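**Student:** Sequence order for the protein chains is A and B. Under our numbering, think of the first position of the first sequence as 1, with each following residue one higher. Under our numbering, think of the first position of the second sequence as 265, with each following residue one higher.
Simulated from the structure, these hints should not be mistaken for laboratory data. Hints may contain errors.
Restraint-style ranges between C-beta atoms, simulated for each label pair [said to hold, decoys possible]:
| no. | chain 1 | residue 1 | chain 2 | residue 2 | range |
| --- | --- | --- | --- | --- | --- |
| 1 | B | Glu316 | A | Val227 | 37 to 45 Å |
| 2 | B | Ile431 | A | Gln211 | 31 to 39 Å |
| 3 | B | Lys493 | A | Arg89 | 47 to 55 Å |
Stretches of chain A that chain B covers, calculated by requiring three or more beta carbons in the stretch to come under 8 Å of a beta carbon on chain B [stated by the list, open to error]:
| no. | stretch |
| --- | --- |
| 4 | 94-103 |
| 5 | 164-174 |
| 6 | 244-256 |
Keep in mind that this is a model prediction, so the values were computed, not measured. No residue lacks a Cβ here, since even glycine has one placed at the ideal position from N, Cα and C.
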Amino acid sequence: MKIAVLIKQVPDTDDVKLDPETGTMIREGSGTIINPLDLNAIEAAVQIKRQVGSICEITVLTMGPPNAEIALREALALGADNAVLLTDRKFAGADSWATAKVLAEALKKTGEFDLILAGEKATDGETGQVGPEVAAMLFMPCATYVSSIEYNKDNVVVTRTVEDGTEKQRIQYPCLITVLSALNNPSMPTLRGKMSSRRADITILTSQDLQIETEELGLKGSPTRVVKVTTPQKTRKTKRFSGSQIEKGILQLVEEIKSSVLKQ
Amino acid sequence: MNPSVMVYTEIRNGSIHPVSYELTGKARELANKLDCQVVVVTLYNSLGDKLENFFSYGADKVIQSQDECFSFFNQQIHTNVLSAIIKQQQPQIVLAPATTNGRTVLPAVAGTIHTGLTADCTGLDIENETGLLLQTRPAIGGNIMATIKTPHHRPQMATVRPKTFKIPEKIEKSGIIEYFEINQDMKHSTIEVMDYRPLEAGSENIQDKDIIVSGGKGLKRKEGFDLLKELADILQGGIGASRPTIEAKWMEYPHQVGLSGKVVSPKLYFAIGISGAVQHIAGMETSEIIVSVNKDPDASIFQVSDYAFCGDLYDIVPKMIELLKEKIPNQSNGKEGESNVQ
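Build the full structure now, drawing on both the sequences and the hints.
**Tutor:** This is the structure we're talking about:
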């Protein structure tokens, strides 16, 4: 049983505050973390390994700058066996297609995986596209929005949580699964895991190793281009009420609900 | 004839989801600028609604593919069939709903046919000089808006969340319905759908609600949600929750609002005892009216609110309930009205 987990290093936005003047994120001082949903994917892999035993091997892959090594070491501390860093200046500026291309080629090169796991989306890009794109490039089926995984020898049974209910699907290997936070509660790394992850070897692969045409790499290989970035103007005029003003505020609100919200 | 603008529609449990009409209307606007047709793709097994509805919202052609294999969502089959239809029709643009279906199938199609895809667009337009699709989406938790183009690959594809665009006025218009035959290769799948369970009554998808009352850690205890339910019931609204309350198991995951939960855009959103982490704000800030209650005068949530109530939520929310019941009698007294009739 070979499992791959695709992870992404993202800015730690949990403690980030908004600038009251501009409404933009204050990024200074925020570190990087493993994308939270990817931790659920790692945990799912570790749980399967616990069930299957040592013949199960977990490889964690990430595309990013050289310091994404930190995220990989954390994944090793959490129980992954191998780590692969996909790093190259030519990868920079990749959109979801060009990112998926690098991951798909790396997955082909590193081994025949039965199961590929990833978070449903990353907290920075929020596209949720890379997982299904990788699956398509590898001609694999893909289950998204997965909230439970039951491992079997020849297949996995997953529950997908969708808008109006849940779907249970049985999927043959090989397949790719993107997971939700409801799947599990990620464990903390053990001290032993932390110690051994510091010394572990990390495989580094570049565009040359993956033999991808330059035309398909990074910004150049991205079908989409960001052509303009704007900061939205704050349009809301906040009415503040405290102390003795609160009742007056509620009455205003009730009037607005009556006249506009419930009328529409 | 110029290549068309295509819409991948959402048909759930035998009925056409309103987002399909919203996108058809937007596709019509774009097609008028490009002087081309609007082609709507419908994949289903059973259907209670009329396909002709799409003509009233601006479609020129409806591609119909009816088969048992579409009874349930199957990522492989839906991807195979949509990819085949795109190859046959050669549209210049494909719009799809940013639902769990669209957000699964469209990236797989993009990977299959090698083109670009922009997720969760809030604005779509045509660039005058080039005729290219301008796709605008919020980035970095909605703090910036990015405009994206797909210059060299076709089709240019975008997903759009429900309720981003309005359903257009109906028009008098006719069109053609074309049958798309699917073959055994397209139906081949290693996914077996075993079971589908709809949400229980009363736990409808909060994304479909016009009014949402959300609670955060400021409630201090799980039972705080009972108070929010009381408020939501008066307004026939749904219940939302911040991520920490989900992690504390005060509320179930389908209620989570935010980047790792659901992105909602109701007419009225209450954020009660929610400080306003970036990840939460990104999930609700496009709501029409935002009301927040928090005891911290510096809470981030106040910056995105129309009504900001600073104080103890256990004083303020009961007051809201009391005044709503008093001022909106027909909703809160509905049951008494019924008994009078008898």
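**Student:** Establish whether the coverage given for the stretch 164-174 of chain A by chain B is satisfied; the threshold is a Cβ-Cβ distance below 8 Å, and no fewer than three residues must meet it.
**Tutor:** holds (count 9)
**Student:** Given a hinted range of 37 to 45 Å, is it respected by the beta-carbon distance of Glu316 of chain B and Val227 of chain A?
**Tutor:** Because 38 Å falls inside the window, the suggested range holds.
**Student:** Quick one: see if chain B covers the stretch 244-256 of chain A, three-plus residues with Cβ-Cβ under 8 Å.
**Tutor:** Answer holds; 10 residues pass the 8 Å Cβ test.
**Student:** Just to make sure I understand the rule, a stretch counts as covered if three or more of its residues have a C-beta closer than 8 Å to a C-beta of the chain. Does the stretch 94-103 of chain A meet that for chain B?
**Tutor:** That given contact holds, which follows from 4 residues of the stretch 94-103 of chain A lying within Cβ reach (below 8 Å) of chain B.
**Student:** Can you tell me whether the CB distance of Lys493 of chain B to Arg89 of chain A sits inside 47 to 55 Å?
**Tutor:** Cβ of Lys493 of chain B to Cβ of Arg89 of chain A: about 54 Å, so the range 47 to 55 Å holds.
**Student:** Does the Cβ pair Ile431 of chain B, Gln211 of chain A satisfy 31 to 39 Å?
**Tutor:** violated, 49 Å
Hint check: a violation occurs at hint 2 only; the rest are consistent with the structure.
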